[in-house]
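A.B. asks: Chains A and B supply the protein sequences, listed in that same order. Heads up: the first sequence at position 106 corresponds to 106 in my numbering, and the numbers run straight through without jumps. Heads up, my numbering is the position in the second sequence plus 1000, with the first residue counted as 1.
Careful: at least some of the hints might be erroneous.
[Said to hold, decoys possible] Chain A residues, not near chain B, derived (Cβ > 10 Å throughout): (1) Lys27; (2) Lys30; (3) Lys44; (4) Lys70; (5) Glu123; (6) Ser129; (7) Ile130; (8) Asp163; (9) Gly188; (10) Glu199; (11) Lys200; (12) Glu266; (13) Asp291.
[What the hints assert, rightly or not] Straight-line C-alpha distance at most 16 Å; calculated EDC-like pairs for lysine to aspartate or glutamate: (14) Lys1065(B) / Asp180(A); (15) Lys1070(B) / Asp182(A); (16) Lys246(A) / Glu1196(B).
Please keep in mind that the hints were generated in silico from the structure rather than gathered at the bench. We put the CB at the ideal spot given by N, CA and C, even for glycine.
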Amino acid sequence: MNRLSELLGIKKLLVCDGAWGTMLQNKGLKPGECPELLNLTYPKLVKEIPEAYSKAGAELVKTNSFGGNKYRLSHYSLERKIFEINKTAAEISKDGVKDKALILGSIGPSGVILMMGDTSEEEMYETYSIQASALEAGGADALLIETFSDIQEAIIAIKAAKDNTNLEIISTFTFEKTIDGDFKTMMGYTPTQICEEVEKAGIGYIGTNCGNGFEAMAYIIKEFKEKSELPLVVNANAGLPTIRDKGIYYPETPEYVSSIISKLVEAGASIIGGCCGTTPQHINEIRRVIDIMRSKC
Amino acid sequence: MENILEKIALCVERGKVNKASLFPADLKGEEGADELTLKAINSGIHPSEILNAGLIEGMRRIGEKFRLNKAFVPDVLISAKAMNTAMIHIKPFFLSNEIKSKGKVLIGTVMGDLHDIGKNIVGMIIRGGGWEVIDVGVDVTPKKFVETARTEKPDAICLSALLTTTMLNMENIVTEIKGVFPKMPVLVGGAPLTMEYAKSINADFYSPDPQKALDFLNNIKHTK
Ligand code: B12
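Take these sequences, add in the hints, and give me the full structure.
C.D. replies: What follows is the structure, given as structure tokens:
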């Protein structure tokens, strides 16, 4: 059942896919619409994304299930369809990659803050349990619990995934650079604190995603490397978007990104891919550089 | 007397809600914003002084720390909770007009956008500064902003956007609001915004920092 660690053991470095949200928007998803509903309404359209990423050389491909929890789906009155939406998400990706890549079931944060008392730990555990089992049922090979900023919520999601599936778990957090120059999540946690508290929840991989471009990720990974023995994961975005000619423009090009990959590997990353704003072209470039590095070791 | 107001400010800044609250650990078992505010009222301190030198001062300090990255989202949330709990004792004096709120502000996240953590923090800081805040929620259409402004008659409107795509919806919202209420101050904010963009859509104020928005509001109140 540990297909991800087997593959990583053989390949040493792995390439993950890139953005999903940005790709769906380019295919016509409007801001404010539910991205995950497309799994049920336009599965063919969604399938183009895993197809494009596996063609571009991604060895790990995500699912369209980032917001597939009760809290996000209830904005669209879809909270009764959690299982169906997530299971279909995994099936679509599985179908799209045609055995050329492993499927990482994407689990994003709830968007509610536990300490505010708007929800309970039990409620949160339950929705993550449904999501995790649905992703496994749809054929996910591992789970990617991504873009978290709260340790407590991450531990609940990890526990739900461990209790209800046999899948390996990757846990990635989103950091911002503070005025002092160190990196902390929105809730104030450092990579060091996260290693200390989240590792023991039983994950196989730890790392960072989203953020502000590829280069900053090297600093975050260095801090993880000092504290953790686990394989480290980076899914970076192509910088923060700006407006150009009335369109949204992400500043980091595939060429630029490919020039940063060796820094990330030196810092200790072994799985590298993209987040918001990255495209199959970015992943293609990352794969090209990683292939060169693999041939040298 | 000053001592108790300083203690209240400290409780709000550190998020010490009441005696029963276990957080912060070093203040365990001690009285919190809740009990101290009641005590201050009973000892005859004017509620507006408790509000300004105690509660609002505490929120100002945590807002400042937040701006300097010395405090994070949970710290602001717990401070706001301490303030809100203490406000229960102050509210009756608003109703009896013994103290006046500084005014009313409408706040919402714009159409297409579901991010609300930043908007909530801005709301808390403005409320913490003595304003009444009406929160219209997320994914708010221009129509809803205008309609709520008609019924609530706010002194200013705050718009928040966290996506570059939804930021573009702000232009339309500002235009609609100004079409109906030409003098209404409109404040905009959110991570993707810039001063340049805010100016280009005719907004009256932009800052990445909620504390500055509060200063701006306090200022328009002065000049009114
Ligand atoms: C938490 C989060 C989420 C949560 C939201 C939970 C919630 N209840 O709000 C969830 C997981 C649901 C989410 C979803 C999405 N997100 Co999001 N999210 C974030 C994240 C990590 C933090 C935002 C936050 O709350 N920060 C903390 C608060 C306190 O800061 P703030 O919001 O900036 O507000 C402060 C200031 O901006 C200012 N301010 C804010 N409003 C106002 C208003 C006024 C008047 C003033 C004066 C000041 C002001 O004061 C606040 C306090 O200091 C950011 C990344 C980041 N680091 O910013 C991405 C981010 C905003 N998300 C992003 C994206 C792309 C998305 C999704 C499209 C992802 C997807 N593929 O589905 C969806 C969109 C959903 C939708 N339609 O809105 C991108 C946006 C890129 C862009 N510029 O367009 C970001 C920047 C991530 C990235 N690096 O790419 N997200």
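A.B. asks: Could you run down the list of hints and mark each one as holding or not?
C.D. replies: Evaluation of the provided hints:
| no. | hint | result |
| --- | --- | --- |
| 1 | Lys27 | holds, 14 Å |
| 2 | Lys30 | violated, 7 Å |
| 3 | Lys44 | holds, 24 Å |
| 4 | Lys70 | holds, 14 Å |
| 5 | Glu123 | holds, 19 Å |
| 6 | Ser129 | holds, 23 Å |
| 7 | Ile130 | holds, 21 Å |
| 8 | Asp163 | holds, 26 Å |
| 9 | Gly188 | violated, 3 Å |
| 10 | Glu199 | holds, 21 Å |
| 11 | Lys200 | holds, 22 Å |
| 12 | Glu266 | holds, 28 Å |
| 13 | Asp291 | holds, 33 Å |
| 14 | Lys1065(B) / Asp180(A) | holds, 13 Å |
| 15 | Lys1070(B) / Asp182(A) | holds, 12 Å |
| 16 | Lys246(A) / Glu1196(B) | holds, 15 Å |
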